[in-house]
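With the hints as extra help, turn the sequences into a complete structure.
The listed protein sequences correspond, in order, to chains F and U.
Here the UniProt record's numbering is used: position 162 in the first sequence is 162, and no number is missing along the way.
Here the UniProt record's numbering is used: position 305 in the second sequence is 305, and no number is missing along the way.
In short, the hints are calculated from the structure, not lab data.
No experiment lies behind these values; they were computed from the predicted model shown.
Which chain F residues stay away from chain U? Per the calculated CB distances, all over 10 angstroms, these:
| id | residue |
| --- | --- |
| 1 | THR4 |
| 2 | GLY44 |
| 3 | ALA99 |
| 4 | VAL120 |
| 5 | LEU128 |
| 6 | GLY133 |
| 7 | LEU153 |
| 8 | PHE183 |
| 9 | ASN254 |
| 10 | ASN255 |
| 11 | ILE302 |
| 12 | VAL311 |
| 13 | VAL332 |
Derived pair list, reagent style BS3-like, types lysine-lysine, alpha-carbon separation capped at 25 angstroms:
| id | chain 1 | residue 1 | chain 2 | residue 2 |
| --- | --- | --- | --- | --- |
| 14 | F | LYS327 | U | LYS51 |
| 15 | F | LYS331 | U | LYS51 |
| 16 | U | LYS394 | U | LYS352 |
| 17 | U | LYS292 | U | LYS329 |
| 18 | U | LYS329 | U | LYS429 |
| 19 | U | LYS450 | U | LYS292 |
All C-beta atoms, glycine included, are put in the ideal place defined by N, C-alpha and C.
What follows is the residue order along each chain.
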Amino acid sequence: MTTTSRWRALTHHHLFWPVAVLIALLLVNVPFTPDFFSINMTDGHLYGSLVSIVLFGSPLILVAVGMTLVIATGGIDLSVGAVVAITGALTCSYISDQADQNTLSAVFLAMGIGLVAAVVCGLWNGFLVARMGIQPIIATLIIMVAGRGVAQLVTDGQIITVNSEPYKLIGGGYWLTLPFSVFVVAAVVAVTVALTRRTALGLLVESVGGNAEASRLVGIRSTRIKIMVYMFCALCAGIAGLMISSNTSAADGNNAGLWIELDAILAVVIGGTSLLGGRFSIGGTVVGALVIQTLTTTIYTIGVPTQTNLVFKAAVVIVVCLLQSPKFRAKVFGAKGLKGPRRDAAPVEPAPAPDAAPKMEVSR
Amino acid sequence: MAEPQPVLEMTGIVKEFPGVRALSGVDFRLFPGEIHALMGENGAGKSTLIKVLTGVYSLDGGTITLDGESARFGSPLQAQQAGISTVYQEVNLCPNLSVAENIFIGREPTRAGRIQWKRMRKEAAELVDRLGLDIDVAAPLSSYPLAVQQLVAIVRSVGTGARDGAGLGTKVLVLDEPTSSLDRDEVLELFRLMRQLRDEGVAILFVSHFLDQIYEVCDRMTVLRNGTLVGEHLVRDLDQVGLIELMIGKALDQLEELHEHQLRSDLGETLVKAEGLGRTGGIAPFDLEINKGEVLGLAGLLGSGRTELARLLFGADQPDNGRVTIGGKQVSMSAPNDAIAAGVAFCSENRKSEGLVPDLTVRENIILALQAARGWTRPIPASQRDELVARYIKALDIRPADPEARVGRLSGGNQQKVLLARWLITQPKLLILDEPTRGIDIGAKTEIQKLVVSLSEDGMSVLYIAAELEEVLRLSHTIGVLRDRRLVARLTNGPEITTSKILETIASGEHQ
Chain F
1 MTTTSRWRAL
11 THHHLFWPVA
21 VLIALLLVNV
31 PFTPDFFSIN
41 MTDGHLYGSL
51 VSIVLFGSPL
61 ILVAVGMTLV
71 IATGGIDLSV
81 GAVVAITGAL
91 TCSYISDQAD
101 QNTLSAVFLA
111 MGIGLVAAVV
121 CGLWNGFLVA
131 RMGIQPIIAT
141 LIIMVAGRGV
151 AQLVTDGQII
161 TVNSEPYKLI
171 GGGYWLTLPF
181 SVFVVAAVVA
191 VTVALTRRTA
201 LGLLVESVGG
211 NAEASRLVGI
221 RSTRIKIMVY
231 MFCALCAGIA
241 GLMISSNTSA
251 ADGNNAGLWI
261 ELDAILAVVI
271 GGTSLLGGRF
281 SIGGTVVGAL
291 VIQTLTTTIY
301 TIGVPTQTNL
311 VFKAAVVIVV
321 CLLQSPKFRA
331 KVFGAKGLKG
341 PRRDAAPVEP
351 APAPDAAPKM
361 EVSR
Chain U
1 MAEPQPVLEM
11 TGIVKEFPGV
21 RALSGVDFRL
31 FPGEIHALMG
41 ENGAGKSTLI
51 KVLTGVYSLD
61 GGTITLDGES
71 ARFGSPLQAQ
81 QAGISTVYQE
91 VNLCPNLSVA
101 ENIFIGREPT
111 RAGRIQWKRM
121 RKEAAELVDR
131 LGLDIDVAAP
141 LSSYPLAVQQ
151 LVAIVRSVGT
161 GARDGAGLGT
171 KVLVLDEPTS
181 SLDRDEVLEL
191 FRLMRQLRDE
201 GVAILFVSHF
211 LDQIYEVCDR
221 MTVLRNGTLV
231 GEHLVRDLDQ
241 VGLIELMIGK
251 ALDQLEELHE
261 HQLRSDLGET
271 LVKAEGLGRT
281 GGIAPFDLEI
291 NKGEVLGLAG
301 LLGSGRTELA
311 RLLFGADQPD
321 NGRVTIGGKQ
331 VSMSAPNDAI
341 AAGVAFCSEN
351 RKSEGLVPDL
361 TVRENIILAL
371 QAARGWTRPI
381 PASQRDELVA
391 RYIKALDIRP
401 ADPEARVGRL
411 SGGNQQKVLL
421 ARWLITQPKL
431 LILDEPTRGI
441 DIGAKTEIQK
451 LVVSLSEDGM
461 SVLYIAAELE
471 EVLRLSHTIG
481 VLRDRRLVAR
491 LTNGPEITTS
501 KILETIASGE
511 HQ
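Printed below as a string of structure tokens:
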């Protein structure tokens with residue numbers, strides 16, 4: 001195997017472009033913030049830009065991981081932002097009603113109430129999509145709009161603040177020198193990967209998303225799988241909701257998780273999962289979410305004026321998406337490839353599995 | 001004898017897909033005024049070669065020379081503008097528009113930005129007339145049968161590139177399986193048009209699975225096997241047996257074997273029993289029994305209810321009335337799961353839309369049915385899975401023999417084998433095969449038919465649907481005849497049953 005073939009195998013890996021973009025974005029920060037990569041230990045806690053990116057990106061990663069599975073079944077879930085708000089509202093209002101907000105059992109119960117509500121939202125979405133056959137974008141629009149109303153109903157239209165040390169830990173606390181949310185995210189990602197790849201769930205989800213009718217005829221209970229996936233997505237959004245409200249010690253029915261669904265969808269797409277459904281990549285989604293969070297951080301550190309930062313974000317996203325398109329890469333970088341014999345053509349479909357690439361190097 | 005200059009010359013064509021080398025150094029040439037057949041089994045590289053030629057795929061190596069000049073097509077449009085037109089198996093036209101509009105779509109004659117409708121109709125009528133066709137160009141395309149639509153597609157493509165609509169701009173016309181859904185008279189009309197175009201100097205590349213048609217209309221043929229060139233021959237120099245041997249790369253003895261095979265006569269007890277099973281708009285209520293180890297063939301015209309009957313037996317559609325017992329137990333048939341649990345497997349005639357998940361790998365597609373039956377919580381252990389998949393890839397000779405290859409990349413015959421493997425792995429009691437040999441080459445066809453025979457010998461019941469009566473007759477113990485969505489007769493196969501006898505039954509609608 002030659003160096004070029006190794007390089008090809010690397011560039012054709014499905015995580016190559018997302019990771020490349022992430023690294024590039026991180027490097028952009030260095031001229032503006034020379035100590036961007038430095039991490040300091042203060043009071044037994046690690047601080048630094050990288051730590052903040054992971055800390056502030058945690059809710060997005062959670063939501064995006066759930067979204068990945070929904071998108072893999074060929075659906076989409078617009079309601080995650082509202083679910084974030086509902087969970088935060090229910091949990092905070094329960095905690096704020098307690099005489100002693102620091103009681104562990106009460107905090108656990110409050111979180112349980114919030115998460116159950118989230119899962120119920122997911123059940124409703126799944127029911128509408130899988131049982132009633134409503135288009136996912138419409139079905140989840142219902143909770144996207146109505147859910148904010150529910151959250152406000154719970155909080156009486158107010159911003160509920162809590163003062164609970166144990167609750168503060170989830171989104172704002174530290175454990176073993178790292179933000180506690182990092183552990184939550186790691187646990188959820190690990191559970192998701194295990195759930196999809198250690199069992200056959202991932203295969204069945206990809207099958208349903210790849211060809212729904214063929215999946216029905218092969219005996220896959222796609223209704224059940226879809227409902228499960230929507231519930232899981234809502235659960236992830238619920239945990240994100242706990243994190244966000246814990247970080248600010250407040251539940252804001254109006255603004256908590258606002259537009260997070262769009263960032264999450266974007267993260268999934270940057271991570272290489274097709275919106276058409278089928279194959280998905282949890283690892284890609286995590287990188288995608290980190291790209292978006294890094295982008296947000298970068299906008300602040302390089303001092304893009306606030307009024308133009310959405311335009312800046314859009315421009316970067318367009319570049320990322322173009323870089324990921326094999327067609328675009330063939331057009332732009334194709335001329336260079338012509339020099340190498342018979343190596344210029346980009347595959348018609350997205351990058352092949354990494355282990356398939358070396359087999360092409362037959363006679364060279 | 002000095003050979004004329006070829007209009008198209010492809011040299012050393014290479015096309016690779018991840019893990020697959022679809023074409024390795026294929027040479028191909030096409031002379032003006034000839035009908036040239038491109039022959040080969042499924043997966044031999046015919047479609048890939050055509051797609052490289054017409055700009056659908058980019059080239060990984062080799063050169064294309066058109067009219068003596070080097071050419072490279074980045075898109076079908078570029079190829080079209082250079083004078084290479086293609087008509088595919090499925091008609092890609094707009095049925096709601098008129099014939100004239102379809103012929104001129106995308107290159108309507110305009111003046112000052114406005115379409116000159118009158119001129120368009122006039123020129124379309126002239127073109128149709130000149131090609132000896134009797135078609136009213138003002139009528140909507142949908143008012144014509146599929147065969148005529150196909151002819152319109154050809155008229156459209158030979159008209160492309162013509163500057164004033166009068167001449168033919170096309171130098172090369174590619175016809176990819178244009179005859180697969182036409183009846184005999186329609187095929188003759190198509191051939192007449194092809195011959196006329198040939199006589200006007202158009203080079204025609206013709207792909208068909210029907211060998212008789214090749215010998216009827218073609219002048220020269222190029223044979224591919226496994227992505228390499230096997231030979232180029234004048235049709236009159238190579239007989240059918242020789243051609244088939246070239247295509248499959250082995251002698252015909254193995255094909256003969258099947259013809260001499262004796263159907264197993266000692267059938268087991270009743271396995272499947274349907275009573276009054278029917279569905280409004282699908283098929284009238286029918287009674288049916290299938291014994292263990294029996295091959296029940298269904299014969300009937302397209303749309304006579306063959307597929308509908310099969311789908312009811314699988315629970316793919318829900319019956320309005322009647323009941324099904326399998327192995328003595330009643331099965332509700334409210335969903336495919338019920339039938340699968342009772343040991344029924346169903347290979348749909350629509351491999352792509354109802355069978356495979358193109359994005360998934362060969363391995364994933366093969367284990368899908370078994371995994372679905374086990375549920376998501378009990379994955380098949382990796383070692384057992386790999387062993388099963390390897391065994392079936394080998395047994396059915398799936399190519400490429402790479403479990404990681406994406407199914408969407410495989411040829412039709414190999415996709416069919418993947419589908420078969422998926423169900424065989426579940427060890428069904430009744431295997432329903434709906435048109436398993438459609439659109440696949442003679443080698444794979446024979447393999448699949450041999451497989452059916454051996455499965456039946458091992459005690460598996462098979463419901464076999466095929467448009468070719470010979471195929472049904474060869475394999476079946478019993479033949480169910482359908483007509484107008486009704487099961488009209490059940491014939492026990494024997495020496496007195498012939499294709500003409502079956503045809504008579506279909507025609508008369510009753511058992512004689």
